[in-house]
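As they're listed, the protein sequences go chains G and Z.
Take the position in the first sequence, starting the count at 1, then add 91; the result is the number in the working numbering.
Take the position in the second sequence, starting the count at 1, then add 1; the result is the number in the working numbering.
Wrong hints could be hidden among the right ones.
Said to hold, decoys possible - Covered by chain Z, per the in silico footprint, the following chain G stretches (three or more residues, Cβ under 8 Å):
| # | stretch |
| --- | --- |
| 1 | 130 to 143 |
| 2 | 191 to 200 |
What the hints assert, rightly or not - Partial pick of chain G residues on the chain Z-facing surface, computed with a CB cut under 10 Å:
| # | residue |
| --- | --- |
| 3 | 95 |
| 4 | 125 |
| 5 | 181 |
The set of hints was computed from the structure by calculation and includes no laboratory data.
By construction, the Cβ of each residue, glycine as well, lies at the ideal position given by its N, Cα and C atoms.
Listed below are the residues making up each chain.
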Amino acid sequence: AQSVTQPDIHITVSEGASLELRCNYSYGATPYLFWYVQSPGQGLQLLLKYFSGDTLVQGIKGFEAEFKRSQSSFNLRKPSVHWSDAAEYFCAVGGMAAGNKLTFGGGTRVLVKP
Amino acid sequence: EPEVTQTPSHQVTQMGQEVILRCVPISNHLYFYWYRQILGQKVEFLVSFYNNEISEKSEIFDDQFSVERPDGSNFTLKIRSTKLEDSAMYFCASSGTGGLTTNEKLFFGSGTQLSVL
Numbered sequence: 092a093q094s095v096t097q098p099d100i101h102i103t104v105s106e107g108a109s110l111e112l113r114c115n116y117s118y119g120a121t122p123y124l125f126w127y128v129q130s131p132g133q134g135l136q137l138l139l140k141y142f143s144g145d146t147l148v149q150g151i152k153g154f155e156a157e158f159k160r161s162q163s164s165f166n167l168r169k170p171s172v173h174w175s176d177a178a179e180y181f182c183a184v185g186g187m188a189a190g191n192k193l194t195f196g197g198g199t200r201v202l203v204k205p
Numbered sequence: 002e003p004e005v006t007q008t009p010s011h012q013v014t015q016m017g018q019e020v021i022l023r024c025v026p027i028s029n030h031l032y033f034y035w036y037r038q039i040l041g042q043k044v045e046f047l048v049s050f051y052n053n054e055i056s057e058k059s060e061i062f063d064d065q066f067s068v069e070r071p072d073g074s075n076f077t078l079k080i081r082s083t084k085l086e087d088s089a090m091y092f093c094a095s096s097g098t099g100g101l102t103t104n105e106k107l108f109f110g111s112g113t114q115l116s117v118l
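Take the sequences, apply the hints, and build the full model.
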């Protein structure tokens, strides 16, 4: 069965500093990988996705993620964090074998210090 | 950007009561989903719906749950007899013509927070 692990429950980062959120997945075939962000009181917004091709994926709001098959990872990065990036971030995996469902990680809550 | 709309944003109910959570997916989408997130836990898949029938469901989606697309725009989740453990944020989502097995984007609504007392 597929699974996603986000090892960091909370991360605190200073505004302007870089951010990296870790995601490891388990999936028996070629994965489709996603990062979603959830601001308080809001729904899940897609930041970026990987289906195939270039393993470095660019997303919205200045985020990028790199798919590393050998490490079963899909870490999310942002070079310079803004206060508005404070939110909860979810990694998710899907794919042909998964049908039409995504499996989510437990999320990482990001706090941004002034 | 198009939106998935969910109503109500919050719902409080007594244990044993029936609740219906409502969603308006994006108009040209064909695949519809419900996910839920119990406080402090992962977002979990409940059910997917395509061509007026359930295409997949999880173990969570037992006989107490049902989904329906009563007209051309709404997609509902019904819980027949709510339990305390049904308290969660319920997210509706939709995707386009190919579903998630193709290069489709999944759009989520902002959720309905269900509290069962």
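Right, here's what the structure says about each hint:
Here's how the stretch 130 to 143 of chain G fares: 8 of its residues keep a CB closer than 8 Å to some CB of chain Z, so the rule of at least three is met and the hint holds. Coverage of a stretch by a chain is defined here by at least three residues with a beta carbon nearer than 8 Å to that chain's beta carbons; for the stretch 191 to 200 of chain G and chain Z the count is 8, and the condition holds. Taking 10 Å as the C-beta cut-off, the interface hint given for residue 95 (chain G) holds, the closest approach to chain Z being about 8 Å. For the restraint placing residue 125 (chain G) at the interface with chain Z, the shortest Cβ-Cβ distance is roughly 8 Å, inside the 10 Å limit, so the hint holds.
Taking 10 Å as the C-beta cut-off, the interface hint given for residue 181 (chain G) holds, the closest approach to chain Z being about 6 Å.
Violated hints for the displayed structure: none, as all numbered hints are satisfied.
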